[in-house]
Amino acid sequence: MSTHVSLEPPRTGNPGRSQRFRSRKGPGKVTRGNFELYSWLFMRASGVLLVFLVLGHLFIMMVTDGGVEKIGFAFVAGRWASPWWQFWDLLQLWLAMIHGTNGMRTVINDYADKDRTRAILKGLLYTASVLTIFLGTLVIFTFDPSIKG
Amino acid sequence: MASGAQGAKGTLYRGREGMWSWVAQRVTGVLLFFFLFAHVLDTALVRVSPHTYNQVIGTYKNPVVNILEVGLVGAVMFHAFNGLRIIAIDFWSKGPKYQRQLLWVVVGLWAVLMLGFLEPMMQHTFHEWFGW
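If you read the sequences in order, they're chains A and B.
Going by my numbering, the first residue of the first sequence is number 24, and it counts up by one from there.
Going by my numbering, the first residue of the second sequence is number 1468, and it counts up by one from there.
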């Protein structure tokens, strides 16, 4: 395998110590506090929960009872009649969205070098994420099994 | 910077398991983020009407899309198991020492579970295409 592949080294094992953040703010001016440390910790904590939530979700949706063929409005209505599955889906939605958004934030920070580009991309990302979490939450809480159509 | 003179095993990280698993974690993560965004939107159609929801969800039952779903499940499983490997590297004192072996555990577990998921996931497609 070539030793000349130019990709960034991993952040793992080095929480909150990104050199790029420091150099941008100037020497000695670290204003983000422990944010990157909590971000690093959140990825691991939410990741462990998501392994169970998402693999469980995929198993129920794609493997049991004829796989994807069974999924339809009636199937969703049956599941969301139970607070357990409502809670499962709500937790899964929030954790996956925040985990994914934080991952995308890291990717943008790594590859978008101009301050302005980074600001625009992160603005788009956060807007899309807030709207998606809001929409998903609304749908879980306002689901109506007897809706017309 | 490592030069070619050091040979294929000149570095601990670049071009080796550590780097490629990091690349795969990043690529699968970005893909999953975009899928999640679309998936919340398609699920939100249950608030429009049962007919609209069933129509769009019908896309998931198309045999070609079904193959993409196998890819999606593969991406989720790799991201999940390699994520657990990353946690082991960060928090288990022997994690960094065994990071390479842990990657092969990840790949093995992934292969076994994918084989188990394949038939139930694709039974309708197999039936439609090959009459199985």
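Just so you know, the hints here were simulated from the structure itself, not pulled from any lab data.
Accuracy of the hints is not assured; some may be wrong.
What the hints assert, rightly or not - Simulated DEER-style distance windows between Cβ atoms:
#	chain 1	residue 1	chain 2	residue 2	range
1	B	Ser1516	A	Ala142	13 to 21 angstroms
2	B	Trp1487	A	Ile83	29 to 37 angstroms
3	A	Asn57	B	Leu1582	42 to 50 angstroms
4	B	Gly1562	A	Gln109	33 to 41 angstroms
Unchecked claim - To be clear about the criterion: a stretch of chain A counts as covered by chain B if any three or more of its residues have a C-beta under 8 angstroms from a C-beta of chain B, and this derived list gives those stretches:
#	segment
5	72-81
6	85-98
7	114-126
8	135-142
9	157-166
Values in this document were obtained by computation on a predicted structure and should not be read as measured data.
For every residue, glycine included, the Cβ atom is placed at its ideal position computed from N, Cα and C.
Structure-based check of each hint:
1. B:Ser1516 - A:Ala142: 13 to 21 angstroms: violated (40 angstroms)
2. B:Trp1487 - A:Ile83: 29 to 37 angstroms: holds (32 angstroms)
3. A:Asn57 - B:Leu1582: 42 to 50 angstroms: Between asparagine 57 (chain A) and leucine 1582 (chain B), where Cβ atoms are some 43 angstroms apart, the hint holds.
4. B:Gly1562 - A:Gln109: 33 to 41 angstroms: holds (37 angstroms)
5. 72-81: holds (count 5)
6. 85-98: Satisfied; 11 residues make the cut.
7. 114-126: Answer holds; 6 residues pass the 8 angstroms Cβ test.
8. 135-142: Violated - the segment 135-142 of chain A has 0 residues with a Cβ nearer than 8 angstroms to chain B, which falls short of three.
9. 157-166: holds (count 6)
In summary, the structure is inconsistent with hints 1, 8 from the numbered list given earlier, while agreeing with the others.
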